[in-house]
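Q: Each chain, letter by letter, is given below.
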Amino acid sequence: MVLAYRMALESENMEVEGVEAMEFLDFALGFGVSSVPHTTINNGTVNIVGAVGEDKMVEEIRKVIL
Amino acid sequence: MEPFMDKDVKKQVEEAFHELVNPITVMLFTSKVQACEHCAEARQIVEEVAALSEKITVQEVDFEQNPDLAKKYNIQRIPTYAILQGTGEKLVDFGIRFSGAPVGVEFTVLIHGLVLVSGGDSELKEGTRDFLHNLKQPLNLKVFTTPT
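Protein chains in written order, with the working numbering: chain U, 5 to 70; chain H, 443 to 590.
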């Protein structure tokens, strides 16, 4: 999550929300969250399961903006 | 209510806050109308944290009574923290939020978030920064976590 926060600092167009999955369980299940961390970009356009590094996160973001 | 942080955790947070540069406002959206099981805990956590630095201000906002503010910061659920740089009228929004009461490892994320917003330096690679600066499309990332 800290990586995502770092990225939000650099883009005027990015918003990052950390979500406590147990408190918002139905919401998390709606995105198919079964393990954490689970990152969803633009309401499920891309889903990333597990922690990823900077380059991989950029790669995943590119899939959304193509 | 028992303190959220013990002595050791307080000391670690105080040390982390040596890196604070600019003042921060944590806008905590809660509700008096909706059932909000974790609002009190979220409030306690941020108030204890803010007490450790003069650079951190907490502003609690009622979600129902302030719909314009909730819309401005795109608040969808409560409790949610919007971590902003600055104070008063001069607030800079980097789009950083946390929804829920940040306990366990999530507490560390909150502290990192505060330090990041205060410093304003992402410490990302130059290529990544360029890529992000050039993003024109809105991006919304939700990162689901748990306390352990």
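Among the clues, some could well be false.
Stated by the list, open to error - Straight-line C-alpha distance at most 30 Å; calculated BS3-like pairs for lysine-lysine: (1) H/K578 <-> H/K567; (2) U/K67 <-> H/K578; (3) H/K532 <-> H/K578; (4) H/K497 <-> H/K453; (5) H/K513 <-> H/K532; (6) U/K60 <-> H/K532; (7) H/K474 <-> H/K453; (8) H/K532 <-> H/K514; (9) H/K578 <-> U/K60; (10) H/K497 <-> H/K514; (11) H/K532 <-> H/K567; (12) U/K67 <-> H/K474; (13) U/K67 <-> H/K513; (14) H/K474 <-> H/K567; (15) U/K67 <-> H/K532; (16) H/K453 <-> H/K513; (17) H/K474 <-> H/K513; (18) H/K453 <-> H/K514.
What the hints contain is simulated information worked out from the structure, not anything from laboratory work. This structure is a prediction, so every number in the text was calculated from the model and none was measured.
Q: When the structure is checked against the list of hints, which entries are broken? Sort them ascending.
A: Hints 6, 7, 12, 14, 15, 16 and 18 contradicted; others consistent.
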